[in-house]
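A.B. asks: All residue numbers for the sequence shown refer to the numbering used here, where the first residue is -1 and numbers rise by one.
Everything labelled a hint here was simulated from the structure, so no lab data went into it.
Check before you lean on any hint, since a few could be wrong.
Distance ranges between label pairs, derived from CB positions [said to hold, decoys possible]:
(1) A15 - V38: 19 to 29 Å
(2) E(-1) - N33: 39 to 49 Å
(3) F31 - V8: 22 to 32 Å
(4) L39 - E6: 35 to 45 Å
(5) R22 - Y2: 30 to 40 Å
(6) D25 - P4: 39 to 49 Å
(7) T57 - N33: 30 to 40 Å
(8) G40 - P3: 36 to 46 Å
C-beta: ideal position from N, C-alpha, C; glycine also.
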Amino acid sequence: ENPYPPPEAVIKAIQDAATGPLNRYPDPTAKSFRNEASRVLGVFGWGGIRQEPVVQCVTRREPCHKVLMGIGSGKE
């Protein structure tokens, strides 16, 4: 137990965060994260199960953007 209270900035940050919508579960598609990661990294991001368009673009050697693709084990 800490005898000192949290800094006012921490209390305000918690209060500000609690005034917005509270979601129990995160976005399953992580769309906002994928969009921001694509923008920051300068690559095309594609998420979800349907990755055929990206695979076709890469395997056909068509001119396309840089592609960052992660493939899980299927056990997640």
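A.B. asks: None of the hints should be skipped; say for each whether it holds.
C.D. replies: Now the hints, each set against the structure:
1. A15 - V38: 19 to 29 Å: Since the Cβ atoms of A15 and V38 sit about 23 Å apart, the hinted range of 19 to 29 Å holds.
2. E(-1) - N33: 39 to 49 Å: holds (42 Å)
3. F31 - V8: 22 to 32 Å: holds (25 Å)
4. L39 - E6: 35 to 45 Å: holds (36 Å)
5. R22 - Y2: 30 to 40 Å: holds (32 Å)
6. D25 - P4: 39 to 49 Å: violated (29 Å)
7. T57 - N33: 30 to 40 Å: Because 24 Å falls outside the window, the suggested range is violated.
8. G40 - P3: 36 to 46 Å: Holds - the Cβ-Cβ distance for G40 and P3, about 44 Å, lies within 36 to 46 Å.
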